[in-house]
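Enquirer: Please arrange chain C on chain Y, whose structure you already have, making use of the hints.
Residues per chain are reported as follows:
There are 2 protein chains.
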Amino acid sequence: MSLLIVGSVAFDAIETPFGKTDKIIGGAGTFIALSASNYVSDQRIVSVVGEDFPQSMLDLLQAKGVNLDGLQIKQGEKTFFWSGRYHNDMNSRDTLITELNVLEHFDPIIPEAYQGVDYVMLGNLSPQVQRQVVERLHERPKLVAMDTMNFWMDIAMDDLKQTLALVDVLFVNDEEARQLSGEYSLVKAAKVIRAMGPHTLVIKKGEHGALLFQDEKVFFAPALPLEEVFDPTGAGDTFAGGFMGYIAATGDTSFNNMKRAIIAGSALASFCVEKFGTERLLDLTKEAIEARIEQFVALTDFDMVETVG
Amino acid sequence: MSLLIVGSVAFDAIETPFGKTDKIIGGAGTFIALSASNYVSDQRIVSVVGEDFPQSMLDLLQAKGVNLDGLQIKQGEKTFFWSGRYHNDMNSRDTLITELNVLEHFDPIIPEAYQGVDYVMLGNLSPQVQRQVVERLHERPKLVAMDTMNFWMDIAMDDLKQTLALVDVLFVNDEEARQLSGEYSLVKAAKVIRAMGPHTLVIKKGEHGALLFQDEKVFFAPALPLEEVFDPTGAGDTFAGGFMGYIAATGDTSFNNMKRAIIAGSALASFCVEKFGTERLLDLTKEAIEARIEQFVALTDFDMVETVG
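Going down the list, the protein sequences come from chains Y and C.
Under the working numbering, the first residue of the first sequence carries the number 1, and numbering increases by one thereafter.
Under the working numbering, the first residue of the second sequence carries the number 1, and numbering increases by one thereafter.
Since the hints were derived computationally from the structure, they do not count as laboratory data.
Everything hinted at is true.
Put simply, identical chains are the same to the list, so a pair is met inside one copy or across any two.
Derived DSBU-like pairs (lysine-lysine); straight-line CA-CA distance at most 30 angstroms:
| # | residue 1 | residue 2 |
| --- | --- | --- |
| 1 | Lys217 | Lys205 |
| 2 | Lys275 | Lys191 |
| 3 | Lys286 | Lys205 |
| 4 | Lys188 | Lys20 |
| 5 | Lys275 | Lys217 |
| 6 | Lys20 | Lys74 |
| 7 | Lys142 | Lys286 |
| 8 | Lys142 | Lys64 |
| 9 | Lys23 | Lys64 |
| 10 | Lys259 | Lys217 |
Next comes chain Y alone, as it looks inside the complex:
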């Protein structure tokens, strides 16, 4: 099955307690595509870069099965650039620089060859752009998922709510779920958010794992306890990319298969944080991923054979 990705393809410069990078490749679309490519072979991306973006990275995406017909290259313009510094606990960060550049007036054009796509992952972008993509698809895909962030809740809540009404699955972190719903309890927040449109909600809790809500059902996925988080940049996108890659590869949107998709996404995210940017994702084998998934199985596996009392 095929997966359409919409998201930034960008430059990042990152500082963590372990070191700092120059401009390296980043962007939600990049992380999602690299992560999903471990499962799905037919990907199509809608994005935009400037003339400064390296052809080598585009070649690499193409080699991983990503169709780039919808990736606009703007001559005379510059690629989106973000720079940030993580605090010692790695759970919070300061944005140092945001240069929107080509993203400022991004018109997400859908190539004709992309029509009829099976699955859609809308990476974090303005809710208006995300909505345009859904509206420009002639046929309703089997499942549309989106990511968003607190920034859009602060400045474009009405827009965001219009887009939420069109999607099936929403990814947010716990603080964003609280802000979006006005509820502190994540169980209550999930009810409020699901009433806004998405039938399925995934709440990402970083080192505390993730929660999957659908109807009255809940699934709690662990995060792998790690000795060191080297660089969290892109972990959430890698998680979502793994999730949607798994769904698209299996063509199964049941709750049970979404649980597996969350584990796949969690495993890929646990690799992402081991090195700067996309470095670790470019270096993955199928065997390494399967071994990591086995660690997740072992981490939560128990059997209540004995009942006593």
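Expert: Chain C alone, transformed into the frame defined by chain Y:
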């Protein structure tokens, strides 16, 4: 098998966003004993109360199989009293009153009938008192577990380390694990703490579940996502009591059985927070506990039948 509990039997007065109580029954020893009584029928408690403590509660503990020979009743003295107020997020609280009373000069005398006990749970008390209990047992029990808190790390770290060297299992929360070890990563913290004595470490993360570390093995137990946490008081003690009650009832200290014990403790803690103080624990049926444990099984159960890529 038998379980020896050492811990406060006390009065609490609690304020939460949902209401406030007068003096009600509390104390680590009380929560541990009530929780463990769902699994183990032979319990023995070492504790102290004043003459103001109600006989009815002592009768109730006895009816639940708790031997009170080691519970000292100090005539002319008052029971330990703690009062606290929870903040809106229920994750932090202010202590309003602490009256040590009978706990100030507590000498934990072990009745002769308690000797030969199989399992020991040292509730949060001064590390010196906890150590005295272990030293006064003529035979080494099959497993000795202890709880502690940041307060003792602040004022009695050397004492605490002496006691840690004598125990098998330590319960702490994530902040306490970080303070005790000086490591932010819980994986690194677990290594440092296990080198201090306990071969097994349980890190309680409240709404984020719990981690069990032993040798190179890790187990991640979920917390049940709740609509409302009404009163968190005693949840950690209830968790530890359920854990040690399950271990004592099954007589099995293998890692696999400790996983089941964590689930049992988590299930009981999820009841504890539903009402003020011990109220919900006094009201539990075997059926309700088994149904709650089934919810935990469903919450983390997945099977990675499909491998793709």
